[in-house]
Amino acid sequence: MTAASVTAVPKRRLRDRLPVVHQLRQSVGLQRGMLVAGLVMLTIFILSAIFAPLLAPYGFAQRKNDAGAFGTQQPPSLEHPFGTTVGGYDVLSRVIWGTQTAILVIIIAVLLSIFIGVALGLYAGYFGGWVDRVLVVVFDAIYAFPSLLLAIVLSIVISGGQSNLWAGVLAAAGAITVVYIPQYFRVIRAETVRIKAEAYVESAKVLGASNSRVVFKHVFRNATRTLPLIITLNSSEAILTMAALGFLGFGIEPTAAAEWGYDLNKAQSDVTSGIWWTALFPGLAIVFTVLAITLVGESLNDLADPRLRGRRRVAQAAGEVAQTSVVPGGALYAGPGGLAGLEDGETFDEHGIEVKR
Amino acid sequence: MSTVVDIRNLGVSFSTDAGAVKAVDDVSLSVQSGEVLAIVGESGSGKTVTAKTILGLLPETATTRGAVILTNREGTRESDIITVSKQRLREVRGTDVAMVFQEPSTALNPVYTVGWQIMEGLRAHGDVSKQEARAKAIDILGRVGIPDPEERIDHYPHQFSGGQKQRIVIAMALVLNPGLIVADEPTTALDVTVQAEILDLLRRCRDEFGSAIVLITHNMGVVADLADRVAVMYQGVVVEEADVHTLFASPQADYTKKLLAAVPYVGHGTVKAAERAAARPTNWLEQPPVVEAKGLEITYPGRFGRPGFQAVGGVDLVIRPGEVLGLVGESGSGKTTIGRAIAGLTKVTGGSLKVLDAEMNGIRERNFRPLRSRIGFVFQDPASSFNPLLTIAECVAEPLVIHGRAKDPRAARARVDELLEAVQLPKAYGDRYPHELSGGQRQRASLARSLALEPELLIADEPTSALDVSVQARVLELFAELQREFGFASLFISHDLAVVDLVADRIAVLYHGRLVEEGTGIEVLGSPVDPYTQRLLASLPVPDPAAQAERREELRRLREAD
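First to last, the sequence lines map onto chains A and B. Under the numbering used here, residues 1 to 357 are what the first sequence spells out, in order. Under the numbering used here, residues 358 to 919 are what the second sequence spells out, in order.
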């Protein structure tokens with residue numbers, strides 16, 4: 001047996017296996033630029049949410065300090081770098097505190113919709129039957145509703161007209177959840193239906209594995225590979241829905257939490273009278289956050305697809321010739337690949353040659 | 358004789374996620390007009406990349422070096438494919454060189470008629486009126502052997518059979534009368550009887566149309582049947598180039614010798630089968646069979662009130678303890694369906710199927726589950742039969758864990774190591790992930806998994822058809838060894854008569870869901886009774902040009918007799 005000559009394959013380092021870090025190392029050129037820019041912006045967003053109490057010069061509901069009231073609609077100055085609003089709040093502080101509200105909405109919305117959507121998708125996809133058909137029809141029907149209308153209805157149901165921090169956040173997150181469950185459901189269901197027909201699921205069945213074992217051990221872990229992408233793209237929409245709710249007057253009271261949509265709403269009349277700072281900065285904050293998340297999501301999406309993934313050109317006649325399976329029993333060198341490098345229907349050998357099947 | 362294409366010092370490198378990879382290294386080849394050059398090699402040897410370079414079809418990630426000089430039929434135009442402009446490349450494709458793809462069902466666009474697709478090529482090269490183009494298309498369809506071309510020109514691809522689709526793809530390649538046709542595995546996706554017809558057609562391309570052909574294949578039988586000259590590629594270089602008779606009679610390179618030795622021949626297994634039969638105990642025939650089918654029927658339900666499709670009908674077969682039954686048939690003959698029914702993956706709809714004394718017709722999964730520990734299953738594609746997120750050891754340990762022989766994969770590790778050793782994989786491979794193993798290694802791990810519970814019955818569904826020929830030989834050898842050691846009964850499903858012959862005690866031939874012939878290897882392969890078996894046997898190309906020429910004659914006689 002030729003196995004004696006097997007060379008050990010080094011275990012892939014941790015930094016190559018972490019989801020985003022792996023993609024970062026893999027990317028080149030413009031795609032890398034996009035990803036890096038998105039990640040940097042996202043980091044700024046998250047840091048300012050965490051350190052809002054330290055970064056913001058004033059509280060989000062603060063209208064006066066030791067020196068007296070701030071005054072309303074003050075232009076930017078040293079005390080108030082972004083000016084003050086018509087309600088007499090400091091714009092900079094509210095922009096910074098607003099990140100906390102935004103991040104809360106994202107987390108709650110994504111968590112809720114992911115758990116419900118994935119569970120239902122797995123069940124419907126694997127077992128099929130009438131449950132599957134009913135769920136598909138119901139979720140298709142939800143697509144027909146404008147998401148903002150749903151959000152407004154939910155915010156009335158949840159908060160009953162009052163709008164403190166949690167009622168506002170839950171209203172926005174709940175509305176987003178209802179709209180996004182179908183997306184997670186569809187993706188997971190489609191993946192499950194595909195994986196159900198894969199030979200490894202059948203082989204588990206042939207071995208006599210129970211349904212729960214097949215679903216959790218084999219289907220679930222393989223079906224969730226695309227989730228990070230949907231999560232990033234949905235997060236940006238969550239922020240937009242939140243802002244739209246606030247803008248329409250279903251937002252959070254300024255005394256309960258800082259919310260960009262609410263500030264934009266109040267800034268409407270300012271714009272016509274030449275007061276630009278009350279609308280510009282909350283608006284920029286929304287654009288900045290959505291752009292950050294979208295950049296990360298889109299570049300992850302591109303990198304996940306080998307046809308869209310950019311690569312450096314190689315020099316003429318560069319590289320090693322790939323080992324083919326001539327040693328009886330197959331090539332003795334195993335490949336690196338890794339989970340992310342594994343595309344359907346192809347494998348990578350030692351030198352990364354794509355072996356199509 | 359003039360040179361149609363001259364490849365000089367061609368080198369191709371790809372940029373991949375793991376850095377630069379060289380696929381072709383300093384290859385020089387030339388093809389004369391009216392000649393068939395076969396490029397053979399295993400997957401990854403660079404044969405397809407070489408062929409695609411001739412048409413300038415390499416992806417953007419490729420970097421090329423050297424020259425590919427293509428001359429048109431009249432010898433009036435020469436172009437170096439590697440350096441020409443895109444405009445010129447478009448002119449050359451179709452008129453000077455054309456391609457025949459591997460999978461005819463994906464090479465044709467399903468939403469256009471075949472006539473439209475043939476005329477598309479004509480209209481792209483020069484000013485042809487619609488009537489002219491149509492007349493030409495009808496003419497070419499007739500010449501490649503499509504009956505009633507005037508009518509069938511307006512049919513869509515799905516209205517043709519697989520073999521006819523490949524004829525249409527060849528017609529598309531021929532319609533502009535190119536001097537060179539590149540055929541990339543043109544018969545790999547086809548059944549063996551259809552393969553023989555397509556090979557005949559390609560031979561006519563050379564003889565009647567005078568086209569030179571570059572034939573890419575891994576099947577030495579196809580090479581012996583069609584090629585004039587052979588280039589053997591290995592790891593990106595041409596290791597041997599000779600005319601077909603010299604190559605098969607006296608191969609020079611070590612690699613070629615190994616490759617030829619690994620090709621299974623019909624008739625090699627009969628001796629072994631006779632030995633096994635002689636060694637059986639005398640009361641063997643009285644033992645209760647492991648699998649017994651009587652009038653087995655399997656019908657797939659139709660959609661929305663349409664009648665179902667009967668995949669298997671009226672099949673009787675018996676597998677006794679410790680016996681290997683080879684099940685042979687073409688795609689759609691129902692051989693896989695029978696294997697799946699025995700494993701409880703497909704419902705039996707009629708007749709009787711007894712597996713390990715359990716009646717499968719109407720059995721409930723709950724009652725069958727305990728029996729599963731006594732049945733092993735090896736799947737066709739080793740790439741997809743392992744969960745990519747589990748290590749090999751975890752995969753192999755799964756049956757042990759499911760049936761309570763071990764608490765978790767770690768507790769089963771000692772047994773897993775034994776099993777891996779039994780299939781001749783080093784123990785350390787247990788810690789690897791499936792994609793880190795080659796196809797042959799994975800198929801061996803698959804064998805280890807199916808044998809983990811020491812089953813009485815092993816169902817092997819085309820276990821070697823996804824593997825290269827040298828790997829296939831090794832896996833088949835291992836299968837025979839394990840069968841001797843463990844003594845399991847087995848249903849060995851394959852489309853390849855030569856493979857079945859190597860491992861099976863008895864051979865059963867399926868045709869359209871019915872068992873047409875059954876018997877020992879000597880009976881079925883030596884003197885087949887059923888006309889279908891005869892045709893199947895005669896269609897199988899043998900890797901010997903002289904013998905293959907004789908067989909071709911015989912097949913022609915058989916066809917005329919029909």
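Keep in mind that the hints were calculated from the coordinates and are not lab data. For clarity, every value in this text was computed on a predicted model and none was experimentally measured. Beta carbons are placed, not taken as given, at the ideal position from N, Cα and C, and that holds for glycine. Among the hints, a few may not be true.
What the hints assert, rightly or not - Covered by chain B, per the in silico footprint, the following chain A stretches (three or more residues, Cβ under 8 Å): (1) 107-119; (2) 214-227.
As the list claims (entries may be wrong) - Straight-line C-alpha distance at most 27 Å; calculated DSSO-like pairs for lysine-lysine: (3) A:Lys196 with B:Lys629; (4) A:Lys196 with B:Lys614; (5) B:Lys614 with B:Lys651; (6) B:Lys614 with B:Lys629.
Said to hold, decoys possible - Computed beta-carbon distance windows for the label pairs: (7) A:Thr43 with B:Ser462: 31 to 39 Å; (8) B:Gly499 with A:Tyr143: 46 to 54 Å; (9) B:Asp484 with A:Val134: 55 to 63 Å; (10) B:Lys487 with A:Trp130: 51 to 59 Å; (11) B:Ser462 with A:Tyr143: 47 to 55 Å; (12) B:Arg723 with A:Val131: 18 to 26 Å; (13) A:Val138 with B:Ala492: 29 to 37 Å; (14) A:Val134 with B:Lys764: 47 to 55 Å; (15) A:Ile116 with B:Lys704: 28 to 36 Å; (16) B:Arg723 with A:Gly128: 45 to 53 Å.
Hint check:
no. : hint                               : verdict
1   : 107-119                            : violated (count 0)
2   : 214-227                            : holds (count 4)
3   : A:Lys196 with B:Lys629             : violated, 40 Å
4   : A:Lys196 with B:Lys614             : violated, 43 Å
5   : B:Lys614 with B:Lys651             : violated, 46 Å
6   : B:Lys614 with B:Lys629             : holds, 24 Å
7   : A:Thr43 with B:Ser462: 31 to 39 Å  : violated, 49 Å
8   : B:Gly499 with A:Tyr143: 46 to 54 Å : holds, 51 Å
9   : B:Asp484 with A:Val134: 55 to 63 Å : holds, 59 Å
10  : B:Lys487 with A:Trp130: 51 to 59 Å : holds, 52 Å
11  : B:Ser462 with A:Tyr143: 47 to 55 Å : violated, 34 Å
12  : B:Arg723 with A:Val131: 18 to 26 Å : holds, 21 Å
13  : A:Val138 with B:Ala492: 29 to 37 Å : violated, 56 Å
14  : A:Val134 with B:Lys764: 47 to 55 Å : violated, 39 Å
15  : A:Ile116 with B:Lys704: 28 to 36 Å : holds, 33 Å
16  : B:Arg723 with A:Gly128: 45 to 53 Å : violated, 19 Å
When the structure is compared with the earlier hints, violations turn up for hints 1, 3, 4, 5, 7, 11, 13, 14 and 16 and for no others.
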